[in-house]
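**Q** Mind docking these for me? Both chains are given alone in their own frames, and the hints should help you get the complex.
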Amino acid sequence: MEWETVIGLEIHAQLSTNSKIFSGAATAYGAAPNTQACAIDLGLPGVLPVLNREAVRMAVMFGLAIEAGVARRSVFARKNYFYPDLPKGYQISQYELPVVQRGQISIDLEDGDSKVIGITRAHLEEDAGKSLHEDFHGLSGIDLNRAGTPLLEIVSEPDLRSSREAVAYMKKLHTLVRYLGICDGNMQEGSFRCDANVSVRPKGQAAFGTRAEIKNLNSFRFVERAIEFEVQRQIELLEDGGTVVQETRLYDPDKGETRAMRSKEEANDYRYFPDPDLLPLVLDEAFIESARTALPELPDARKQRFIDQYGLGAYDAGVLTASRELADYYEALVEALGGEPKLAANWVMGDLAAALNKAGLEIAQSPVGADRLAGLLERIQDRTISGKIAKEVFEALWNGEGEADAIIARRGLRQITDTTAIEQAIDAVLRANPEQLAQYRAGKDKLLGFFVGQVMKLTQGKANPQQLNDLLAKKLKA
Amino acid sequence: MSLGSAEVAKIAHLARLAIGAADIASYARNLSSILELVAQMNAVDTTGVEPLAHPLEMAQRLRPDEVSESDRRERFQAIAPSVEAGLYLVPQVIE
Numbered sequence: 001m002e003w004e005t006v007i008g009l010e011i012h013a014q015l016s017t018n019s020k021i022f023s024g025a026a027t028a029y030g031a032a033p034n035t036q037a038c039a040i041d042l043g044l045p046g047v048l049p050v051l052n053r054e055a056v057r058m059a060v061m062f063g064l065a066i067e068a069g070v071a072r073r074s075v076f077a078r079k080n081y082f083y084p085d086l087p088k089g090y091q092i093s094q095y096e097l098p099v100v101q102r103g104q105i106s107i108d109l110e111d112g113d114s115k116v117i118g119i120t121r122a123h124l125e126e127d128a129g130k131s132l133h134e135d136f137h138g139l140s141g142i143d144l145n146r147a148g149t150p151l152l153e154i155v156s157e158p159d160l161r162s163s164r165e166a167v168a169y170m171k172k173l174h175t176l177v178r179y180l181g182i183c184d185g186n187m188q189e190g191s192f193r194c195d196a197n198v199s200v201r202p203k204g205q206a207a208f209g210t211r212a213e214i215k216n217l218n219s220f221r222f223v224e225r226a227i228e229f230e231v232q233r234q235i236e237l238l239e240d241g242g243t244v245v246q247e248t249r250l251y252d253p254d255k256g257e258t259r260a261m262r263s264k265e266e267a268n269d270y271r272y273f274p275d276p277d278l279l280p281l282v283l284d285e286a287f288i289e290s291a292r293t294a295l296p297e298l299p300d301a302r303k304q305r306f307i308d309q310y311g312l313g314a315y316d317a318g319v320l321t322a323s324r325e326l327a328d329y330y331e332a333l334v335e336a337l338g339g340e341p342k343l344a345a346n347w348v349m350g351d352l353a354a355a356l357n358k359a360g361l362e363i364a365q366s367p368v369g370a371d372r373l374a375g376l377l378e379r380i381q382d383r384t385i386s387g388k389i390a391k392e393v394f395e396a397l398w399n400g401e402g403e404a405d406a407i408i409a410r411r412g413l414r415q416i417t418d419t420t421a422i423e424q425a426i427d428a429v430l431r432a433n434p435e436q437l438a439q440y441r442a443g444k445d446k447l448l449g450f451f452v453g454q455v456m457k458l459t460q461g462k463a464n465p466q467q468l469n470d471l472l473a474k475k476l477k478a
Numbered sequence: 001m002s003l004g005s006a007e008v009a010k011i012a013h014l015a016r017l018a019i020g021a022a023d024i025a026s027y028a029r030n031l032s033s034i035l036e037l038v039a040q041m042n043a044v045d046t047t048g049v050e051p052l053a054h055p056l057e058m059a060q061r062l063r064p065d066e067v068s069e070s071d072r073r074e075r076f077q078a079i080a081p082s083v084e085a086g087l088y089l090v091p092q093v094i095e
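Line by line, the protein sequences are chains E and V. At position 202 of the first sequence the residue is numbered 202 (the working numbering), and the sequence of numbers has no breaks. At position 77 of the second sequence the residue is numbered 77 (the working numbering), and the sequence of numbers has no breaks.
Bound-form chain V, shown alone (with noise of 0.2 Å):
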């Protein structure tokens, strides 16, 4: 499977990230071989495995319900770029 450059740039959208008209075909290229890779593997008759979802042979701990965190929001939002009345401030998003 190969990725046009439209697809790249949805994927670079979704990813919000920011790249060059100019480097579009490498990147096409790039995760086009990723994505062969990803088809060998696809190949594999896997009829009677387990799905994988985690490559540790373990079950997840379980945590106590119990509050454990105490307010650190002075420490948190010292190092916000722009914080107000306890808030953190972003750029406006509106839908």
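So that you can see chain E by itself, here it is in the shape it has in the complex (with noise of 0.2 Å):
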């Protein structure tokens, strides 16, 4: 039988604010255990939890961002259950009426289609603590510097047809929300992580199959390798006779494997109710409008101005836009250069996104600054130095040695196009292999190569290219 899959992602985005979304308590990464956590956020009696408005503004310029709607009034709610890394026993989330309505996204397929993936809603809501399990004498410690930080939980419609669509959904939403500035998307400390409900249907039915849902996929790979690992599972049950529970499954990476993690008497009997502590969130014209004019320039609308006004082609557009600080890189690199947007292009995806590969960093991170490199393309473009020179510049810009301009001064790197001095090259070379050049003129063409290799050999790669080939192809028909 034919299957077809079908998942819906709830993605959790840390809000970037500096506060919690209830507390003043700072939301900072990597502070000591619960030197973060107060009153408000440990739950003792008599607190009581006031909205960060910042955490407000950037649910809604998410919301705005995907073409949703945004909830004029909006109730905050209790999802009430018992673990230790959740002092109050109840989160505070949102239930019937979330902030952030029906929206949509775009994503790229592989065959270059595009797909509309619908969003149901995003609404706000504090994340827990963190439970330690290991080392605590038989106990768990707990804690709960996290408790209370603001989350958007994004909740996609079950749109989504296989793990690669999965993943390109993610993805999309990753760039959107630091697009955005809301989230830093740091997905190794949990900022940006993803549940993935996931069921399968023979092909044609309309019904949905029954779903299980696999929690805190933390990684664009987890949650490609977890889709691929469930659905197999859940057709090697059905086509055996067997049926799907509805349960939520945890992802184990080393194993590549979901399994159950609890009972489905237990799952999703939250008992939400209106939290009283709370009053409703009213949102008026004028803060809503504050949030439209803050949005930056959005993906999709950066990828389309790159194809139109730099003449990229679309992989190259999607490449460059990709993150904001490297759409931002290499805008501020076209501009220093003056123009050339396609040798750019080739730089930053080419020599420069390799370097910072290897060494495993962020474009914001690259110790070779837009101007720096804007200093380097230049040389090259007025021919001063070859494309191939050229790497061993960049190698040098990398490591720090300075400009571009007293890199090729300090190590002899200026292209010879004197023409003299090339055709004294080319002699030596031709005087030099005899044997070789009677063979060339005997009609073994492959050794124009060989020839050219000699002279960029002899002239320590600084010949130029163009001209070389020309006096060389002259000197062979003499």
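Hints are computed from structural coordinates only; laboratory data are not their basis. By construction, the Cβ of each residue, glycine as well, lies at the ideal position given by its N, Cα and C atoms. Any given hint could be a false lead.
Unchecked claim - Calculated pairs, SDA-like style, for lysine to any residue (alpha carbon to alpha carbon, straight line, at most 20 Å):
no., chain 1, residue 1, chain 2, residue 2
1, V, 10, E, 83
2, E, 475, E, 411
3, E, 88, V, 20
4, E, 130, E, 153
5, V, 10, E, 153
Unchecked claim - Covered stretches of chain E (in silico footprint by chain V; criterion: 3 or more residues with CB under 8 Å from a CB of chain V, positions within the stretch not fixed):
no., region
6, 25-33
7, 270-280
8, 363-372
**A** Encoded structure:
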């Protein structure tokens, strides 16, 4: 039987506020345990949560960016469950009236098409603390620094049809929240994580199959692998005559499998009700308009502009706008260079990207700034150095040896464009290799490359390649 | 709507309340009468009435995004049953 996969994702994006969603405690990552957990975060008696304006503004910005309705009135609710890292015994979340209503986002598929994925809702809620299960003589250690950190939970429609689509969607949202500056997107630190609802159904069937929810996937690779494993598990189960049980499952990255986590009876019995400690959140037009004014150019728009303005292909434009920092770097480079958008694109996506990747650095940490790189590309452009020599200069730039011009001068890398000098080098090579010359003239055309190589060797790679080719062709014909 | 003893046991478990088997019947009776009151209210025609999320006719106040709390871990942990290395220690729960 042919099966169809149906996936919906719930993504938790930690909002980049300075303080918590309902308290004035700091949200900085990596502080000593419980030093950023105040009385409100601890759920001590008599405290009252007060909502962080910035968290609301960020949620509204997200809503506007996905063309969603922004609720003029939304309500906070208590989601009740017991776990030691949830001190109050409930999580403050939004249930029936979330702040961000239905929206959508377009993802790029591998075949070049795009697909619109519906976003059901996005709501504000508080994060829980962290439990450490190891090494406390059979007890668990609880760190409540994270408790009360603002989260935006983004719930998709069950519109995704493969693990690849799920990853493309997640990456798209990851790019978007970082463009908006509302989430740092750091997946290792848990700032951007995802639960996946996965089911399968016979192809052509309208009704959904029973779904399993895979919790806490914190990398794109895990999302892809966990979904693939889960789909295979469900198909095998169904083909063997079994039934899928609705349950929460956990992905084990070491074993590459999912396993059941909570029993069905307890799952989803959260007994939500409106939180009496919080009044309805009412947003006026001025608040929403100020969030709209703060929106940056969004990734899709910027990609299109790169195509139109710089004449880049869709793929290149997509790579260069994948993060706001990378797109900013590229535009700074083109501006410093006064044009040459394709040369700039090739270097940013080629040598620079490779060097960053090798060093494990982000573009913002690049030791070669856009101005310095522009200095190098200018010398390629005016033919002071060849593309090949430029790689050597780039390496020196990377190692902090100063400006491109200084490196070129110090190392004597200036390209030889003097015709007489190149001709002399060619003559010397031809004289030194009479045998190869005879073979070439007898019809062994492949030896052209040999002569080019020898001249380059003699000139330490500095002969202008175009001139060398032209002059060599003339000499060989003579 | 009236509750059976299994439902009472489930509600108690969700709320992590230990109740004696002998008390289940009276809990079931009392909770059922609360639900009957709710049922009476449910019977009222509320067409066109906006749901009430809060009895106060006010909107939530927002606070500026400023860190206003300092570290008071020592004081909070002084009243905790068990702490170590800055962590609160609790009976282990592993899923």
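**Q** With a Cβ-Cβ cutoff of 8 Å, does the region 25-33 of chain E contain at least three residues near chain V?
**A** holds (count 4)
**Q** Compare the distance between the alpha carbons of residue 130/E and residue 153/E with 20 Å, and conclude whether the hinted pair is satisfied.
**A** 18 Å, holds
**Q** Does residue 10/V pair with residue 153/E here, judged by a C-alpha cut-off of 20 Å?
**A** 29 Å, violated
**Q** Holds or violated: are the alpha carbons of residue 10/V and residue 83/E at most 20 Å from each other?
**A** 17 Å, holds
**Q** For a C-alpha distance cap of 20 Å, please report whether residue 475/E and residue 411/E respect it.
**A** The hint is violated at about 30 Å.
**Q** Three residues minimum, CB to CB under 8 Å: does the region 270-280 of chain E make the cut for coverage by chain V? Let me know.
**A** Our answer is that it holds, as 6 residues pass the Cβ test (under 8 Å) against chain V, meeting three.
**Q** Does the alpha-carbon distance linking residue 88/E and residue 20/V stay inside the 20 Å limit?
**A** It is violated: about 25 Å lies between the C-alpha atoms, which goes past 20 Å.
**Q** Tell me if chain V covers the region 363-372 of chain E under the three-residue, 8 Å CB rule, please?
**A** violated (count 0)
When the structure is compared with the earlier hints, violations turn up for hints 2, 3, 5 and 8 and for no others.
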